[in-house]
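Student: Residue-level listing of the chains:
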Amino acid sequence: MLDFLKEPVLSIQEFSLLAGRAFRNIFRSPHYSDDIAFQMDTIGVGSLLICVIVGFFSGAVMALQMYHALATYGQVGKTGQLVSITLVRELGPVLTAVMVAGRNASGIASELGSMKVTEQIDAMRALGTDPLQKLVVPRLLATSFMLPLLVVIADFVGIFGGWVVSHFALALPSQQYWLTAWQALDGKDVCEGLLKPFFFAIVIALIGCFYGLRTTGGTQGVGRATTQAMVMSTVMIFVIDLVITKIFVDAV
Amino acid sequence: MEPPASKPSILRFEHVNVSFDGNPALRDMSFEAREGESRVILGAAGSGKTVLLKTALGLARPDSGKVFVFDRDISTMQESELFGIRSRIGMLFQESALFDSMSIEDNVAYPLLNQLSIKCPPEQVHSRVAEALKFVELGTTLAKFPSELSGGMRRRAAIARAVVTEPPLMLYDSPTAGLDPITAHTIIALLIKERDISQTTTLMVTHRYQDGNLIANFRYNSKQGGLEPASHAPGASTRTTFMVLKEGQLVFEGDQDSLEATQDVYISKFVKQRV
Numbered sequence: 004m005l006d007f008l009k010e011p012v013l014s015i016q017e018f019s020l021l022a023g024r025a026f027r028n029i030f031r032s033p034h035y036s037d038d039i040a041f042q043m044d045t046i047g048v049g050s051l052l053i054c055v056i057v058g059f060f061s062g063a064v065m066a067l068q069m070y071h072a073l074a075t076y077g078q079v080g081k082t083g084q085l086v087s088i089t090l091v092r093e094l095g096p097v098l099t100a101v102m103v104a105g106r107n108a109s110g111i112a113s114e115l116g117s118m119k120v121t122e123q124i125d126a127m128r129a130l131g132t133d134p135l136q137k138l139v140v141p142r143l144l145a146t147s148f149m150l151p152l153l154v155v156i157a158d159f160v161g162i163f164g165g166w167v168v169s170h171f172a173l174a175l176p177s178q179q180y181w182l183t184a185w186q187a188l189d190g191k192d193v194c195e196g197l198l199k200p201f202f203f204a205i206v207i208a209l210i211g212c213f214y215g216l217r218t219t220g221g222t223q224g225v226g227r228a229t230t231q232a233m234v235m236s237t238v239m240i241f242v243i244d245l246v247i248t249k250i251f252v253d254a255v
Numbered sequence: 006m007e008p009p010a011s012k013p014s015i016l017r018f019e020h021v022n023v024s025f026d027g028n029p030a031l032r033d034m035s036f037e038a039r040e041g042e043s044r045v046i047l048g049a050a051g052s053g054k055t056v057l058l059k060t061a062l063g064l065a066r067p068d069s070g071k072v073f074v075f076d077r078d079i080s081t082m083q084e085s086e087l088f089g090i091r092s093r094i095g096m097l098f099q100e101s102a103l104f105d106s107m108s109i110e111d112n113v114a115y116p117l118l119n120q121l122s123i124k125c126p127p128e129q130v131h132s133r134v135a136e137a138l139k140f141v142e143l144g145t146t147l148a149k150f151p152s153e154l155s156g157g158m159r160r161r162a163a164i165a166r167a168v169v170t171e172p173p174l175m176l177y178d179s180p181t182a183g184l185d186p187i188t189a190h191t192i193i194a195l196l197i198k199e200r201d202i203s204q205t206t207t208l209m210v211t212h213r214y215q216d217g218n219l220i221a222n223f224r225y226n227s228k229q230g231g232l233e234p235a236s237h238a239p240g241a242s243t244r245t246t247f248m249v250l251k252e253g254q255l256v257f258e259g260d261q262d263s264l265e266a267t268q269d270v271y272i273s274k275f276v277k278q279r280v
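Those protein sequences? They're chains Y and V, same order as listed.
Per the numbering used here, the very first residue in the first sequence carries number 4; after that it's consecutive.
Per the numbering used here, the very first residue in the second sequence carries number 6; after that it's consecutive.
Isolated chain Y, as found in the complex (with noise of 0.2 Å):
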């Protein structure tokens, strides 16, 4: 039983060091600006195509979904109030997180893997740089700084996607639509909605270094760190939703 457990309890503390190590070494010289700006883009620019359409049908299948689901109750009027509720809340950032642990946290992982497998990183701390300051924290900024804004794009797009559906296929007026959708957000949603995926992306950078680094066995062990950061990472984010989500009913 001990032995089982041994495994797991390991990960968990190697996990917990590096996020530490991580954060502190944010406030840490040297500051790689330069890898941080290309991170942002290739996690950021290079995940806006994938998120616009991702949020694009989610928008308008939800609008599909709930303006039958209101028609029951004859409250077709406020399929924009739940398209926008449902996608700034829930939708945007978790499908939006997914994407990007699918498309990043296994790019990371893979990235940094077959550096370790090379001996890359080792070079690196041979040749006086912390492989840390240099792969982790970019990754770290660069996500956390990203993912929101992609989260933002992805509601809007969602919403807009919803609005198409309402008015080309359903015939919903378009004043009410927009109307019902912008009156039916709060602060607190908007704050619900851009701290998810703030922690999101903290957990698909981490967990994508964390893999890629402890990568051993050659070319199949990036195989395996790949697979591993991606399912990982894509659990923590619903397992994160549902603490964040809890907290924000709880403070209703």
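Derived from the structure by calculation, the hints contain no laboratory data.
The structure displayed is predicted, hence computed values, not measured ones.
Incorrect hints may appear among the rest.
[To be verified] Facing chain Y, according to a computed beta carbon distance under 7 Å, are these residues of chain V, among others:
no.	residue
1	102
2	120
3	140
[Unchecked claim] On the chain Y side, residues computed to face chain V include the following (Cβ under 10 Å):
no.	residue
4	17
5	33
6	44
7	118
8	121
9	122
10	126
11	127
12	131
13	133
14	137
15	174
16	177
A virtual CB, placed ideally from N, CA and C, is assigned to each residue, including glycine.
Since the structure of chain Y is already known, use the hints to place chain V on it.
Tutor: Using the frame of chain Y, we list chain V on its own:
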């Protein structure tokens, strides 16, 4: 010639034990390399040769024992303290370990720009990189990426990156592994050139006895620009010590004559006739 014992100690292991996940990699390792000395480290795969080099760099931590580099105990140093020591050590990794995402110029410039103790003025970086690449006869590859080079060229670029800071201690991990005999000879000739021009202390891990033989018996003739037998040069000895590792333990330490005279079955596996 100055007797070796009077030269300053560059690298010293004192009863060093290193293990990974409970598996011993180095066991009670003790030796001392003095300034200007060459050491050739032989041993079977998994005998701890690479771990020895990584321990000397502070990349692997000893469980017990002490490692002195330039007479400073690095076994208890923090990572940040080690950067100063590492800037005085050049390391060639087994698979070159060039950064894939950077051009050859950026790879070679990396230690000049990132090692805080080097303090290379930015305007001198390009000329020093070009000089290092010229040293390894790769002067035309600055803008290329590692994936565009052959295995031997990558190894030479990695040597340029290791020597660009002119470190007094050089560590080479299997510099000829996976290379054809002609390229391997070129690489060893570069190692000897670096050793004899810069008077560096050299540790070389290898599987090939021929590499050790060249290191021990040849010198770089800077006038003719090639290798010559050390016996032809004044002060004939190249001060080369051979070490043989077996399952993490040092089972032989001595000169080439003693190595070739040994009757030990394991050690004699690595010894071939001199070329």
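Student: With reference to the structure, classify each hint as holding or not holding.
Tutor: Hint check:
| no. | hint | verdict |
| --- | --- | --- |
| 1 | 102 | 4 Å, holds |
| 2 | 120 | 3 Å, holds |
| 3 | 140 | 18 Å, violated |
| 4 | 17 | 13 Å, violated |
| 5 | 33 | 8 Å, holds |
| 6 | 44 | 13 Å, violated |
| 7 | 118 | 8 Å, holds |
| 8 | 121 | 6 Å, holds |
| 9 | 122 | 4 Å, holds |
| 10 | 126 | 4 Å, holds |
| 11 | 127 | 8 Å, holds |
| 12 | 131 | 3 Å, holds |
| 13 | 133 | 7 Å, holds |
| 14 | 137 | 8 Å, holds |
| 15 | 174 | 53 Å, violated |
| 16 | 177 | 48 Å, violated |
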